[in-house]
Structures are given as C-alpha cells and as structure tokens.
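**Student:** First to last, the protein sequences are chains A and B. Just so you know, numbering that gives the first Met the number 0 puts 75 at position 76 of the first sequence, and the rest follows in order with no gaps. Just so you know, numbering that gives the first Met the number 0 puts 112 at position 113 of the second sequence, and the rest follows in order with no gaps.
The set of hints was computed from the structure by calculation and includes no laboratory data. Quick caveat, the model's predicted, so the values are computed rather than measured. Cβ atoms here follow ideal geometry from the backbone N, Cα and C, with glycine treated the same way. Take every hint as true, because none was put in to throw you off.
FRET-style restraints, in silico, Cβ to Cβ:
| # | chain 1 | residue 1 | chain 2 | residue 2 | range |
| --- | --- | --- | --- | --- | --- |
| 1 | A | D282 | B | N107 | 52 to 58 angstroms |
| 2 | B | N108 | A | D63 | 34 to 40 angstroms |
| 3 | B | P66 | A | S64 | 44 to 50 angstroms |
| 4 | A | G123 | B | I33 | 32 to 38 angstroms |
| 5 | B | D150 | A | D63 | 24 to 30 angstroms |
| 6 | B | I33 | A | G222 | 37 to 43 angstroms |
| 7 | A | P230 | B | E205 | 44 to 50 angstroms |
| 8 | B | E234 | A | D107 | 55 to 61 angstroms |
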Amino acid sequence: MSVLVFAEAINNKYKKSSLEVVNYGAKLASSQGSNVIVLTNASADAAAELGKYGAQKVLNFESDSLHDNKMLSQIISDVANSHNADTVILSDNSKGKSLAGRIAIKLDAAAVSSATTLPNLEDGFVVQKSLFSGKAIGHYQMKASKKVITVAGNSIGLEEMGQPVAAEAFDASAYNATVEMVETKRVEGTVPLPEAELVVSAGRGMKGPENWGIIEDLAKTLGATTACSRPVADTGWRPHHEHVGQTGIAIKPNLYIAIGISGAIQHLAGVNHSKTIVVINKDPEAPFFKAADYGIVADLFDVVPRLTEALQKFKAS
Amino acid sequence: MNLLVCISKTPETTAKIAFKENDTQFDTDGVQFIMNPYDEWYALVRAIELKEQLGTGKVIAINVGPPSNDIVIRKALAIGADEAVRVNGEEKSATFVSKQIANYAKENNIDIVFLGKETIDYNGSLVGGMISELLDVPFLSYASNLEMEGDTATVTCDIEGGEEILKVKTPFVISAAKGLAEQRIPNMRGIMMAKRKPLVVIDPVEVTENEAIASYSIPDSKSGVKLLDPENMDELVRLLHEEAKVI
Ligand SMILES: Cc1cc2nc3c(=O)[nH]c(=O)nc-3n(C[C@H](O)[C@H](O)[C@H](O)COP(=O)(O)OP(=O)(O)OC[C@H]3O[C@@H](n4cnc5c(N)ncnc54)[C@H](O)[C@@H]3O)c2cc1C
Numbered sequence: 000m001s002v003l004v005f006a007e008a009i010n011n012k013y014k015k016s017s018l019e020v021v022n023y024g025a026k027l028a029s030s031q032g033s034n035v036i037v038l039t040n041a042s043a044d045a046a047a048e049l050g051k052y053g054a055q056k057v058l059n060f061e062s063d064s065l066h067d068n069k070m071l072s073q074i075i076s077d078v079a080n081s082h083n084a085d086t087v088i089l090s091d092n093s094k095g096k097s098l099a100g101r102i103a104i105k106l107d108a109a110a111v112s113s114a115t116t117l118p119n120l121e122d123g124f125v126v127q128k129s130l131f132s133g134k135a136i137g138h139y140q141m142k143a144s145k146k147v148i149t150v151a152g153n154s155i156g157l158e159e160m161g162q163p164v165a166a167e168a169f170d171a172s173a174y175n176a177t178v179e180m181v182e183t184k185r186v187e188g189t190v191p192l193p194e195a196e197l198v199v200s201a202g203r204g205m206k207g208p209e210n211w212g213i214i215e216d217l218a219k220t221l222g223a224t225t226a227c228s229r230p231v232a233d234t235g236w237r238p239h240h241e242h243v244g245q246t247g248i249a250i251k252p253n254l255y256i257a258i259g260i261s262g263a264i265q266h267l268a269g270v271n272h273s274k275t276i277v278v279i280n281k282d283p284e285a286p287f288f289k290a291a292d293y294g295i296v297a298d299l300f301d302v303v304p305r306l307t308e309a310l311q312k313f314k315a316s
Numbered sequence: 000m001n002l003l004v005c006i007s008k009t010p011e012t013t014a015k016i017a018f019k020e021n022d023t024q025f026d027t028d029g030v031q032f033i034m035n036p037y038d039e040w041y042a043l044v045r046a047i048e049l050k051e052q053l054g055t056g057k058v059i060a061i062n063v064g065p066p067s068n069d070i071v072i073r074k075a076l077a078i079g080a081d082e083a084v085r086v087n088g089e090e091k092s093a094t095f096v097s098k099q100i101a102n103y104a105k106e107n108n109i110d111i112v113f114l115g116k117e118t119i120d121y122n123g124s125l126v127g128g129m130i131s132e133l134l135d136v137p138f139l140s141y142a143s144n145l146e147m148e149g150d151t152a153t154v155t156c157d158i159e160g161g162e163e164i165l166k167v168k169t170p171f172v173i174s175a176a177k178g179l180a181e182q183r184i185p186n187m188r189g190i191m192m193a194k195r196k197p198l199v200v201i202d203p204v205e206v207t208e209n210e211a212i213a214s215y216s217i218p219d220s221k222s223g224v225k226l227l228d229p230e231n232m233d234e235l236v237r238l239l240h241e242e243a244k245v246i
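Could you put together the complete structure from these sequences and hints?
**Tutor:** Below, the structure is given as structure tokens:
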C-alpha cells in the first residue's frame, strides 16, 4: 500500500501549499508504515526537490496546463491504481478540490476536503475539517478502503525531512484534454489572498475608495496582501477578489489586520482562523474586538499612518 | 437546452451552531434555513439568464433532502426556475447527494448542470466534481463568467491569484463563484407563480456510505483582546514581532 500525492507546480515552481501536501503524505505514510509517491507537473530538476519535503519516489510529467480536471483526474487515478496507492492527497485549492470529487468517484473512495489534521489512525481513519464557516469542527470517519483528502493550507506546518530524489518521467502523452485553454491571467506582484501570510483588510469605515492610499502604504511596508469587507467590494470601492468572509474568500493568514470593519458574523466566518488578529476601530463596542488578539480603539485615519511609520522604523532597524 | 440547477439548504448565516446526541448531530432546533447563497445568487440566476438569452429551454431546480426543504425549493421557483425536483432522502454526504443528482441528470437529457462553488455550512466543494465524474463530462469550477454560442461555452474560472478562460462543449457541469450573475430578489408575481409550478418528489437511489461525520466539536475561542495605546504603535509592532511572532 502507498500514499499518492499530487504536487502542483506553476512554471516549475512550487508554492508552499504544494510542499505542504508532500509533507502531509510523507507523515501519513510513515505513521502507516507505507511509502509515499509524488506525482508532479514539473521538470525532473524541479521535481527532485520534493524529496526534501519527504517524497520517496517522484514521478514527473511536464505540463503547465492543468486546466482540464477530467484529464488530470484520470492521470492521477491511473497512477494510484498502477502504484497500489490507497490514499490520494491533494492541495486544498481550486484545482485540488475540483479533482478530489472526481477521483473519489473513480476510486470509489471516501473523500474529505480542507482537512486540518493528519488522520488519527487509532480509531479507524479520522480527519478533522472546519465546518459552518469556522464555527465548528467535523471529525470525519473515512470508512472506505480508499481515501481522497485535500489538505487546508497552513494546517500542519512545513518542514524539510529528506534529500532530493531523482524523478522518473511519467508519460502523459496518451491523455487528451476535453476542455480548450484560451488564456491564463495571473495577477503579478502580490501574493494571492488565499496564500498570503500577512493581510491588511479594510471596511466601510474607510468612507470611500479615495482613502485607500493609507491601506496600500501599510500593506506595502508589511509585504502584505490587501483584502476588504463585502459591502466595500459590492459598491465597487475595491475589486471582488479582495472580498473575504462567508460569501467571499476564506483565509487563514498568520496576521490579519482589520481596519474600519465592524466584525459582522459573516465577515468573521472567513477570517477567524487567522493566527493573530489586530483590530483598529473607533467604536469600542465593535464586535470584532471579541475575535481579536490586539485591539486599538481609535480613528483609523490617525492610527494607520502611525502604524506604517512604526513598521518602517522596525524594518530599518 | 435543459439546465439543471443544484439547490442546497444551509443554516442562515447568523445561526447559532450547536450539537446534540453527544456531539454527533447538528442541533437544528431554532435554526432558520436559507438557500445556499452561491446556489441562489449565482448558479440559479445564471441558468435563468441563459434561458432568457436563448429564448428557449427550461431551468429545473433539484434538491436532495426532506420535505421541510420544499420552502427553499419554492423560492428557487419564485426566482424563476420552471420546475423542481426533490429527491426524498437525507443529504448525508457529498457522495450521496452527487449520485442522486447524477442519476436524475442522466435520465433527463441535461445539457448543463449548475451548482454553487461550495455550501456555506459544510464548505466541501466536492459535489461538482463528483457529479461531473458520474456523468463523465467536463467540470468548470469556480466560474465567474459564462458565455454560450451554440453548444460551445466560454467560461472564466477563478484560480488562486488569477483566472483561466476555457472553452468547452455541452454537456458539462459548472460551479458558480461570485460574479457569474447578479442576485435576483423574487417579486410578488414570481412568488404567486411558484405555487403553480411542478415540484416532483422522487425516491433516492441507494448509496454505500464511504465517509461520515463521527462527531462535532467547537473550536477554542480567543482568550481575549489586548487593548493598546493608539499613540504607541511601536508597542504593537514589538508585540507582533516578539509575542505573536508573525512579523
Ligand atoms: C448572507 C450574507 C452573507 C454575507 N457575507 C459577507 C462576507 O462574506 N463578508 C463580509 O465582510 N460581509 C458579509 N456580509 C455582510 C455583513 O453582514 C456586514 O454587513 C459587513 O461585513 C459589514 O462591513 P463593514 O464592517 O465594512 O461595514 P460596517 O458594518 O458599516 O462597519 C464599519 C466599521 O468601521 C468603523 N469605523 C467607521 N469610521 C471609522 C474610523 N474613522 N476609524 C475607525 N473605525 C471606523 C465603525 O465603527 C464600524 O465598526 C454578509 C451578509 C449576509 C446577510
């Protein structure tokens, strides 16, 4: 038996979330006494590095286009079958979640997305996952003999635990796409919100889009990604992809700074798993303070530039 | 074109989440239910818009669940679905729900299956992929734009930090993200008409249970906020560095 991990590469580079799944697969395999195989879409050179994160065997095929989950799920399932893998581990992103359901059907496997823990093997095979937008945790018993898991980012940490291994080429040329790629657009420069470790977020307390300069200055000083509350995106003050919360993006950064956001339950649902939360609000009764680690009751227009200044001093020292 | 829209029911966003039977069951006592926002605001409305643009076809809303879900299904009819189907079974897992919906789609000549990108209660995002696989068709996920020309769709799919623009032929499954359509509020006429539209109840097919929630727990809450002097931002920076260790 073995564990199969799919590690997604973009232009032969791995994001943290791809390395985390390799770690997850390696740790699961070692607790089961099985071994871990990693399938990846990168050059042999780039793929070899996955050994450092615990991969024992690496299979690579070179492709920059993973847009067809029908084709890719067939590749992953075929590798799982040919290598006798009973568990498939994927990243918990748009690609991983779309693949997970398909692979679960192909393998007649139990499926859990956004797992936050390694499986507990004492009492069957139990993984935890956040439910009700963070208000509860579900303990899933995965009963079928085969399993598919997508691993929530920032859940089990990332560590180096091995040496590079020579990748073996996997021939994917016989697989045909059923969806045609027209164009891929990527926002250059900043770290995308779902992967950001530092986030500066602002709400209706900003009064208008023209005031966002102080937010951008703070984010730039910190190296953070910007986010916003729903009404701010709905009124067009900020782009939709910045909208966080229950009906926007759910995020889990190390630091979330909330500025002029009241902390409505639907907003908190998307951000309350952040490791550290700082709230800046002039209303001491704002509900956000209940979810915060550090709070500043003050006018944001005074305090935000002062925070930026303090950070600049800190960075320079 | 036959457009099938998957509708799920979720607790209202401010609902208090509690459990019973030794934390093995969600306590629905006093909980208000709504249609899952991604299904209602984006998936359903885009299907209705598409039918309006084409000037032909029909929009069928499908739900897997108990009779108490009918109120949510009627809302889908009030917003503009032409007919509705409820598979009379407990919506206990993604696999169970997907098999019911795929089974209906196979028998009813469906061109496009729409659903929301996730439900706001179980946040699974698995049903779309499962239905697609069961139907053996392409799956366009996290879609924020859809344009049809004949039987070819051009779809914009959100990916982390960007988007992919893809072309695909029917039949396919599409999961809706924000931007796919503009929310519609049902009007009086829609609500009246909904009462006369067909809501067919069918029996579920049998499914073996591959996974189940053994128990629930409530995450630890924050220990309490530390309020800081607004004049002294150096102190906040120090705490973020030394205490929280996040910068
Ligand atoms: C079904 C549903 C889903 C929803 N989903 C989401 C979601 O995903 N994400 C989301 O964010 N919301 C969501 N909402 C909306 C949510 O209920 C709130 O309305 C919204 O989060 C409020 O945004 P806000 O905090 O920016 O604005 P407000 O609630 O207006 O808060 C503004 C805050 O700024 C403070 N402020 C004002 N001026 C200053 C100043 N000069 N200095 C300092 N502080 C100041 C005020 O004290 C106040 O606390 C949803 C609602 C529903 C019904």
